[in-house]
Amino acid sequence: MSAAVTCRNLEKQYTKGKEVVPVLTGINLEIEEGDFVALMGPSGSGKTTLLNLIGGLDHPTGGEIEVGGVDLNDMNGRELAKWRSEHVGFIFQFYNLLPVLNAQRNVELPLLLTKLSRKQRAKNAGTALEIVGLADRAKHKPSELSGGQQQRVAIARALVADPSLLVCDEPTGDLDRETADEILGLLQTLNQEYGKTIIMVTHDPLAAERARHVLHMDKGKLVTDAGVEV
Amino acid sequence: MSLFSLMWANLFRKRTRTTLTLLSVMVAFLLFMLLQSIADAFAVGPQIAGNDRIVVGAKYSQIDNLPYSQKQQIMAVEGVEAITHTTWFGGMYQDGKSFFAQFPVMPLEYFEVYSELMLEPADALQRFARERGSAVIDIGLVDRFGWQVGDVVPLISQIYSKKEDGSRTFEFEIVGTYSDNGRSSSFPVMLFHYERFRESVAFGGDSVSQWTVRVSEPDRADEIAQEIDALFENSSDPTRTTTEDESNREFARQLGDMGFITTMIMSAVFFTIVLLTGNTMTQALRERIPELAVLKTLGFTDMTVSLLVLGEAVLLCLVGGAIGVGMAFLLGPGLSVSLEEVLGSFEIAPQAALTGVGLSLVIGLVIGALPAITAKRLAIVDALRRQ
Chain A
19 MSAAVTCRNL
29 EKQYTKGKEV
39 VPVLTGINLE
49 IEEGDFVALM
59 GPSGSGKTTL
69 LNLIGGLDHP
79 TGGEIEVGGV
89 DLNDMNGREL
99 AKWRSEHVGF
109 IFQFYNLLPV
119 LNAQRNVELP
129 LLLTKLSRKQ
139 RAKNAGTALE
149 IVGLADRAKH
159 KPSELSGGQQ
169 QRVAIARALV
179 ADPSLLVCDE
189 PTGDLDRETA
199 DEILGLLQTL
209 NQEYGKTIIM
219 VTHDPLAAER
229 ARHVLHMDKG
239 KLVTDAGVEV
Chain B
2 MSLFSLMWAN
12 LFRKRTRTTL
22 TLLSVMVAFL
32 LFMLLQSIAD
42 AFAVGPQIAG
52 NDRIVVGAKY
62 SQIDNLPYSQ
72 KQQIMAVEGV
82 EAITHTTWFG
92 GMYQDGKSFF
102 AQFPVMPLEY
112 FEVYSELMLE
122 PADALQRFAR
132 ERGSAVIDIG
142 LVDRFGWQVG
152 DVVPLISQIY
162 SKKEDGSRTF
172 EFEIVGTYSD
182 NGRSSSFPVM
192 LFHYERFRES
202 VAFGGDSVSQ
212 WTVRVSEPDR
222 ADEIAQEIDA
232 LFENSSDPTR
242 TTTEDESNRE
252 FARQLGDMGF
262 ITTMIMSAVF
272 FTIVLLTGNT
282 MTQALRERIP
292 ELAVLKTLGF
302 TDMTVSLLVL
312 GEAVLLCLVG
322 GAIGVGMAFL
332 LGPGLSVSLE
342 EVLGSFEIAP
352 QAALTGVGLS
362 LVIGLVIGAL
372 PAITAKRLAI
382 VDALRRQ
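Line by line, the protein sequences give chains A and B.
No gaps in the numbering here: position 66 of the first sequence is 84 in our numbering, and each next residue is one more.
No gaps in the numbering here: position 215 of the second sequence is 216 in our numbering, and each next residue is one more.
Everything labelled a hint here was simulated from the structure, so no lab data went into it.
Check each hint, because a few of them may be wrong.
To be verified - Capping the alpha-carbon separation at 30 Å, the derived lysine-lysine pairs in DSSO-like fashion look like this:
hint, chain 1, residue 1, chain 2, residue 2
1, A, Lys159, B, Lys377
2, A, Lys239, A, Lys34
3, A, Lys159, B, Lys15
4, B, Lys15, A, Lys157
5, B, Lys377, A, Lys133
6, B, Lys377, A, Lys36
7, A, Lys34, B, Lys377
8, A, Lys100, A, Lys133
9, A, Lys133, A, Lys159
10, B, Lys164, B, Lys72
11, A, Lys100, B, Lys377
12, A, Lys100, A, Lys159
13, B, Lys72, B, Lys60
14, B, Lys163, B, Lys72
Said to hold, decoys possible - Reference listing, derived: stretches of chain B covered by chain A, where coverage requires no fewer than 3 residues with Cβ under 8 Å from a Cβ of chain A:
hint, region
15, 10-21
16, 288-301
Glycine included, C-beta positions come from ideal geometry on N, C-alpha and C.
Please model the complete structure; the sequences and the hints are all you need to start from.
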């Protein structure tokens, strides 16, 4: 199986005034296509920063990053935006749906960037809502949906353009246990039945158990379960 | 769904705020259309040809009077059919707050030239011509003051005093009312007998403010006007002959430079609108920063997000502007009835509508520019942290 994500000596620093704050240092990582990886670690360990780099939301300060065989280092903002729209689906802790749009239209959003007809866009959005089990809630606005339902809509939005990679930043962090289990089950289905590569940041060990592999981070480095740098 | 419907949906995220902003933009453009049309009416030059009545006034200022002796010379000009005159009396009724104009006129001459005016009761004109202490009033003054035929109205002139005792109080008995086919003038006037005026005032009794001339051939009105002005060109009282409409506009111009006044008012209104709507758009942007970051995350480019924000501002101004322009066309006919007597022709010009729409587009671009730049520069990672 080929690598979905490859990081070589990946580094990220932020500058606060004159102070340089290293967030990621020397990350070497390979995630295979079709894998489901949970990324765990204490707050401030660099999990979300790594996820942002893999999702093409930010540029690394050093090192190399390839996703789906594409080198992200040399891409400018416009190229990254196009690449994201075609290859990556994003799921956030707080769902990040647009409150002014109903579920169907929220799911349809990424398709506005494609050349699909209006009818085809609506059809695809409907299919994505069916996959997450919310076809009957298509006309409801986010404020009319429960947290679990909103997260399902967000997953449908992440799926609708059929990306190969799903990046999830604490997707169950705002949900109760039962609903969290439903969402994790849905992610497992997407991984196992639809072959999506999933990288999920989580603090929840029970959520991490649903993944095929678990990676640990601490102070900007990948570490073993015992906390030893890898 | 389309990008347009996304913009539209975002615009009405806070319905009350957007509705109030739309209303303020609408009112601004309604005001713009009305003031622009008034300014256009003032900017119109006199079209003398085609008018059967022309007005002869002092060349340099409407405050200057003309000598009564000009009457015979004007009458002698070929094509002049009838002539009458008016003089600004400047009378105040009661405490002076209830202002209306009064003109001493020669009754028969005046109602011959203004033949469309109808007098009531039937013997009003005869009494007005016969009784020197009499007056007739526009029916608008009847509605305003409740006067009736037989009432005696005292006026205190700000200009003239009585020859006999220096008093400024003049009394007039109302002997009739007049109207244009039952309609009151927007500038209602009391007319009283010129002979009474001439006999009683201490000075200025042999002068008039302007002559109104009826011509037999309206197509020659321009030529006749030039001939009249040529008569007095080298006299001590040169004249300027123009149309009634232009004369009315000149009267209104004495209030000030109408073009300048309307421009100043509109500048203040639009400046306020830019600040108000700009503030609304900036506030709306601040509330949506994480949402804009989500759009960028989904693959919308910086430029697309920027154009969406700019589009919302333009849409807001265009919709508000279009409603305002539309309202002006709806209200225009009603307003023109009362404004035409002062301005001559008053109409909401289609060209003003185009200017209005163009202006709303420009204001939308100005208002949206800063939020659009902010949206363009938004870094996804930083913006997502703000929720």
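Consistency of the hints with the structure:
1. For the hint pairing lysine 159(A) with lysine 377(B), the CA-to-CA distance comes to about 27 Å; that is within 30 Å, so the pair holds.
2. Under the criterion of a C-alpha separation no larger than 30 Å, the hint pairing lysine 239(A) with lysine 34(A) is consistent with the structure, at around 21 Å.
3. A distance of roughly 15 Å separates the Cα atoms of lysine 159(A) and lysine 15(B); the hinted pair therefore holds under the 30 Å criterion.
4. At roughly 20 Å between alpha-carbon atoms, lysine 15(B) and lysine 157(A) fall within 30 Å of each other, so this suggested pair holds.
5. Proximity of lysine 377(B) to lysine 133(A) is assessed by CA-CA distance (about 23 Å); at most 30 Å being required, the pair is judged to hold.
6. Straight-line distance between C-alpha atoms of lysine 377(B) and lysine 36(A) comes to about 26 Å, which keeps the hinted pair within the 30 Å bound.
7. Under the criterion of a C-alpha separation no larger than 30 Å, the hint pairing lysine 34(A) with lysine 377(B) is consistent with the structure, at around 22 Å.
8. Restraint check: the Cα-Cα separation between lysine 100(A) and lysine 133(A) comes to about 13 Å, which is no more than 30 Å; the hinted pair holds.
9. Proposed proximity of lysine 133(A) and lysine 159(A) is supported: the alpha carbons are some 26 Å apart, at most 30 Å.
10. Proposed proximity of lysine 164(B) and lysine 72(B) is supported: the alpha carbons are some 24 Å apart, at most 30 Å.
11. As the CA atoms of lysine 100(A) and lysine 377(B) are separated by approximately 16 Å, the hinted pair is consistent with the 30 Å bound.
12. About 27 Å separates the Cα atoms of lysine 100(A) and lysine 159(A), which keeps this hinted pair within 30 Å; it holds.
13. With a C-alpha separation of about 16 Å, the suggested pairing of lysine 72(B) with lysine 60(B) holds against the 30 Å cut-off.
14. Taking the CA atoms of lysine 163(B) and lysine 72(B), the gap is about 25 Å. The hint holds against a cut of 30 Å.
15. Given as covered by chain A, the region 10-21 of chain B passes the check, having 4 residues with a CB less than 8 Å from a CB of that chain where 3 are the minimum.
16. With 9 residues carrying a beta carbon less than 8 Å from a beta carbon of chain A, the region 288-301 of chain B meets the three-residue requirement, and the given coverage holds.
Consistency note: the structure conflicts with none of the earlier hints.
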